[in-house]
Amino acid sequence: MNVVDSIDVEARRRAASILRDVMLRVLDDVIKGRPPKLVIPKRTLSNTIFDPERGILVLGDDVFERNMLDMGETRRFMQTLLMASIVYQALVENEYPTIRDLYYRGKHTISYRDLKGVLREENTWDEQAESDAAIRDIEVATGLLREHMLILSKEKGKVVGNMRIRSGPDVIDLSKLGHGAYAIESTPDLIEFLDVDAEFVLVVEKDAVFQQLHRIGFWRQYKSILVTGAGQPDRATRRFVRRLNEELGLPVYVLTDSDPYGWNIYSVFKVGSITLSYESERLATPKAKFLGVSMTDIFGDANKKPYLTESERKNFIIKAKERDVKRARELMNYTWFQTPRWKKEINMFLEKKVKLEIEALAGKGLKFLAFQYIPEKIQVRDWID
Amino acid sequence: MSRSELEKFREMSVAEFFSKYREVAGFSNPARALYQTVRELVENSLDATDGHGIVPEVKIYIERVGGERSWCRVTVEDNGIGVPPTVMSEAFGKVLFSSKYVLRQTRGMYGLGVKASILYGWATTGNPVEVQSSTRGSDYVYVKKLYIDTKRNEPVVVEEAQFRKNVSWHGTRVSLIIECDWQRAKARILEYVRRTAVIAPYSDIILQTPDGEILFFPRTTRKMPKPPRTAKPHPHGVDVETLKQMLRATKAKTLLDFLESEFQSVGEQSALEFLKVVGLKPEMKPRRLLRSENDGLLVTMVEAMKSFKFRAPRSDYLSPLGEELIKIGLKRMFNPEWVDAIKRPPRAYQGHPFIVEVGMAYGGAIQASEEPLLLRYANKIPLLYEEKEDVSYKVVSDVNWKQYDIEMPAPLVVLVHVVSTKIPYKGVGKESISDVPELEAEIRNGVLELARRLKRFISAKEREAEAMRKILVLARYIPEIARSLKTFSRPPESWKPLEPGEEKDVVESLVGLVARSVTLPRSGDSPGRSVEDLVRSVISGVKVS
Numbered sequence: 161m162n163v164v165d166s167i168d169v170e171a172r173r174r175a176a177s178i179l180r181d182v183m184l185r186v187l188d189d190v191i192k193g194r195p196p197k198l199v200i201p202k203r204t205l206s207n208t209i210f211d212p213e214r215g216i217l218v219l220g221d222d223v224f225e226r227n228m229l230d231m232g233e234t235r236r237f238m239q240t241l242l243m244a245s246i247v248y249q250a251l252v253e254n255e256y257p258t259i260r261d262l263y264y265r266g267k268h269t270i271s272y273r274d275l276k277g278v279l280r281e282e283n284t285w286d287e288q289a290e291s292d293a294a295i296r297d298i299e300v301a302t303g304l305l306r307e308h309m310l311i312l313s314k315e316k317g318k319v320v321g322n323m324r325i326r327s328g329p330d331v332i333d334l335s336k337l338g339h340g341a342y343a344i345e346s347t348p349d350l351i352e353f354l355d356v357d358a359e360f361v362l363v364v365e366k367d368a369v370f371q372q373l374h375r376i377g378f379w380r381q382y383k384s385i386l387v388t389g390a391g392q393p394d395r396a397t398r399r400f401v402r403r404l405n406e407e408l409g410l411p412v413y414v415l416t417d418s419d420p421y422g423w424n425i426y427s428v429f430k431v432g433s434i435t436l437s438y439e440s441e442r443l444a445t446p447k448a449k450f451l452g453v454s455m456t457d458i459f460g461d462a463n464k465k466p467y468l469t470e471s472e473r474k475n476f477i478i479k480a481k482e483r484d485v486k487r488a489r490e491l492m493n494y495t496w497f498q499t500p501r502w503k504k505e506i507n508m509f510l511e512k513k514v515k516l517e518i519e520a521l522a523g524k525g526l527k528f529l530a531f532q533y534i535p536e537k538i539q540v541r542d543w544i545d
Numbered sequence: 135m136s137r138s139e140l141e142k143f144r145e146m147s148v149a150e151f152f153s154k155y156r157e158v159a160g161f162s163n164p165a166r167a168l169y170q171t172v173r174e175l176v177e178n179s180l181d182a183t184d185g186h187g188i189v190p191e192v193k194i195y196i197e198r199v200g201g202e203r204s205w206c207r208v209t210v211e212d213n214g215i216g217v218p219p220t221v222m223s224e225a226f227g228k229v230l231f232s233s234k235y236v237l238r239q240t241r242g243m244y245g246l247g248v249k250a251s252i253l254y255g256w257a258t259t260g261n262p263v264e265v266q267s268s269t270r271g272s273d274y275v276y277v278k279k280l281y282i283d284t285k286r287n288e289p290v291v292v293e294e295a296q297f298r299k300n301v302s303w304h305g306t307r308v309s310l311i312i313e314c315d316w317q318r319a320k321a322r323i324l325e326y327v328r329r330t331a332v333i334a335p336y337s338d339i340i341l342q343t344p345d346g347e348i349l350f351f352p353r354t355t356r357k358m359p360k361p362p363r364t365a366k367p368h369p370h371g372v373d374v375e376t377l378k379q380m381l382r383a384t385k386a387k388t389l390l391d392f393l394e395s396e397f398q399s400v401g402e403q404s405a406l407e408f409l410k411v412v413g414l415k416p417e418m419k420p421r422r423l424l425r426s427e428n429d430g431l432l433v434t435m436v437e438a439m440k441s442f443k444f445r446a447p448r449s450d451y452l453s454p455l456g457e458e459l460i461k462i463g464l465k466r467m468f469n470p471e472w473v474d475a476i477k478r479p480p481r482a483y484q485g486h487p488f489i490v491e492v493g494m495a496y497g498g499a500i501q502a503s504e505e506p507l508l509l510r511y512a513n514k515i516p517l518l519y520e521e522k523e524d525v526s527y528k529v530v531s532d533v534n535w536k537q538y539d540i541e542m543p544a545p546l547v548v549l550v551h552v553v554s555t556k557i558p559y560k561g562v563g564k565e566s567i568s569d570v571p572e573l574e575a576e577i578r579n580g581v582l583e584l585a586r587r588l589k590r591f592i593s594a595k596e597r598e599a600e601a602m603r604k605i606l607v608l609a610r611y612i613p614e615i616a617r618s619l620k621t622f623s624r625p626p627e628s629w630k631p632l633e634p635g636e637e638k639d640v641v642e643s644l645v646g647l648v649a650r651s652v653t654l655p656r657s658g659d660s661p662g663r664s665v666e667d668l669v670r671s672v673i674s675g676v677k678v679s
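Residue numbers (the numbering used here), protein chains in the order written: chain A, 161 to 545; chain B, 135 to 679.
Take these hints with a grain of salt, some might be off.
Selected chain A positions facing chain B (Cβ under 8 Å, derived; list incomplete) [to be verified]:
| hint | residue |
| --- | --- |
| 1 | R173 |
| 2 | L184 |
| 3 | L241 |
| 4 | L242 |
| 5 | Q249 |
| 6 | D274 |
| 7 | L275 |
| 8 | G277 |
| 9 | V278 |
| 10 | I325 |
| 11 | S327 |
| 12 | P329 |
| 13 | I332 |
| 14 | L334 |
| 15 | K336 |
| 16 | L337 |
If you're looking for bench data, these hints aren't it; they were derived computationally from the structure. Because the structure is a prediction, the values reported are computed rather than measured. Ideal Cβ placement from N, Cα and C applies to all residues, glycine included.
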């Protein structure tokens, strides 16, 4: 028999109760002969609002009703209810399904007869995209996030540093993991921070750069916590970073490639993403700072000497592609990219039409990256907010 | 008293005109002559049956004879009233000797068609006509072979015989050998028989072709229209010649009596007023008007009759087919999705009463075409030639079908049937009807009324299909939704999985909800299942895993 820890039990009890209340209201409508419906906030770009006060993306007030008796909605209605029942069952049966599990548990064939009496078949869902959408519908309809419902996703984020945490029944020292790192669990809210001896958090976009900085001992040298989302960060990594910032008061610096894709990853950490704006409130870290690599790091400006020499620049920079330029122009439309520093950064990119990967800086020498570039930039506060 | 005695045979005088001017009667070439012969014989057979309350059985045999020559033997047999032996020779052997020259709605107007065929057969093949006939109640079948002496307009009997009947048959069997062109006439003749079967669905019709095919159109009903009855002429509809005949034949002693007894829609009051208008004395002897010095007076009288306000002509002696029979006929031939028919109220033109009936069929087995398939009938005769000349074609091609939600090409059949004591044909070929304003208006009224009904059907059908789609889309998820929702009735503390069928009450509620959310308009006369039944049928025998 597995050990069921008390934090889990409480999370389950709460999630099951909220989910059940919402669905019992639907059931009550049905029994009383009222058309059953789910009221769901709209997850569209037009209903995604940047809150400048808090510096995060939030969901607007627009809601829509998913009415079972509406021909265009009835299939999604069925899928949402089916998913809710599977999640509920998993909660009360002490399971930890992944979103892939939920996809398979709910995927089966619906048989029905057409009006000529011929038996026909249809799947509850075909693609995981459909079951994932049903999960998101439940999240917004109930206000419960999937982590609250103990739904696991693939662990992608990693962390090392001078701190100890409690995860489930175990205490883990994040400074004693050898060459490895701790995989940030799907339910980061169930992690308890025990003791921390760090001054800042460095989030690096790329896993390879994370490993290099880890092996060279960056976090020991500079008393920091090193995190990577390995590309586009998952929800757990974002929530974990947010908790480090909010609960421990550690400043968060983000290091990405110098291109629109890197800027976007920074943006997701900082303000949230459009598809998941309903959970930005918990996932975004509005105080996160963009440490680099910036265009002025490459080219310098009136007040700043570039980090790269003429010949290094020639060797390391890559020509921007058409879609990079297009993406950069899109980013310029977002409010949070309209500060003077960001305008300067993006305009420089559009002017030079070149980009640079962090590995290129490491190419100049890993020591340069770890012991000169990063500390110096933090030291002189050369970041973009 | 036998019905046949009601037939009044009267002798008219005309000579060899028709043998010389064949095309006038529709005998311009061997193909047309064959078509015309079949038509005349079949129409006589139908008049001899349904015109007298007998459910028709008509057998048509067309055979090739005469070796290398393009000859056909055309034989048509019916179960009609038969021709009395005393008038048989005259009936088949004297032009314009006919039972039809009275005011009565019959298929052939002058009854000269068969005789034209006999003249044509004699002229092209030298073969006499062979007639067998037996009247109802007679113990004998009479057989005659004869031809017509055109100079004298007299029948020449070649052979005759009589047999005692050993079966209960009565009717007439006429057999002719004529020059023919079957290949070119084939399509028209088949179409003619098909269309006859549409308009007379109470008939058994058999056609045996020279190709060895046998086409059988069995009757689909025994209901028949009321036979037409003979009527007196209406004053609006007589001409000088007719008036002279009537004056000659009348037994009336005075003009007042003549008007009252020989015409319909004329009472004592209106007769006296009319005579006052034309300045004639009521007690004048009718025959005096026949004196040659009174010719001018007769013309004045006919003109006055046309303009004088007599009561409208009676229509109750007409024999329309009726809406039900038209629908049966169209259904039988086209197996359509929708069919309807309308009988317009009786009207008159120039003193001749008429009734327009319109039928319409849509969808089902009907082939879609750019123009509606138009079936024209006059006094139960199909009209096949000169379609574009016909008033019905004019009316139908004027219709903007789009306005009635019908997108051309469409599977649409329009049937127009005109019955009258005098059909206003365009030519002597009797294949198209003139656009007489009164007639045109009635045809238009009928066609547009049915188009409106069809539009209602189509729109109800579309709404029905939409409702059906909705039922299908909503109902299929009921079991899944019910089971999902029922799961939540279990609190976490006392959790156990649902038993099979435990969600039944939720299914029931959902069935009711879905059923109430759908309004099902009913098109046509499909048996109505309730919406709830339909919802249940979608999920019947379906299990949720």
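Hint check results:
1. R173: It holds, given that the least Cβ distance between R173/A and chain B is near 7 Å, below 8 Å.
2. L184: 5 Å, holds
3. L241: 4 Å, holds
4. L242: With a minimum Cβ separation of about 5 Å from chain B (threshold 8 Å), the hint on L242/A holds.
5. Q249: OK, holds: Q249/A within 8 Å of chain B, min 6 Å.
6. D274: Check passed: Cβ of D274/A comes within 6 Å of chain B, closer than 8 Å.
7. L275: 6 Å, holds
8. G277: 7 Å, holds
9. V278: V278/A check fails; min Cβ-Cβ to chain B is 11 Å, beyond 8 Å.
10. I325: At 29 Å from the nearest chain B Cβ, I325/A fails the 8 Å test, so the hint is violated.
11. S327: 25 Å, violated
12. P329: 23 Å, violated
13. I332: Violated - the Cβ of I332/A stays beyond 8 Å from chain B, reaching only about 30 Å at its closest.
14. L334: 35 Å, violated
15. K336: Violated: closest Cβ of chain B sits about 39 Å from K336/A, beyond 8 Å.
16. L337: Violated, because the Cβ-Cβ distance from L337/A to chain B comes to roughly 37 Å (cut-off 8 Å).
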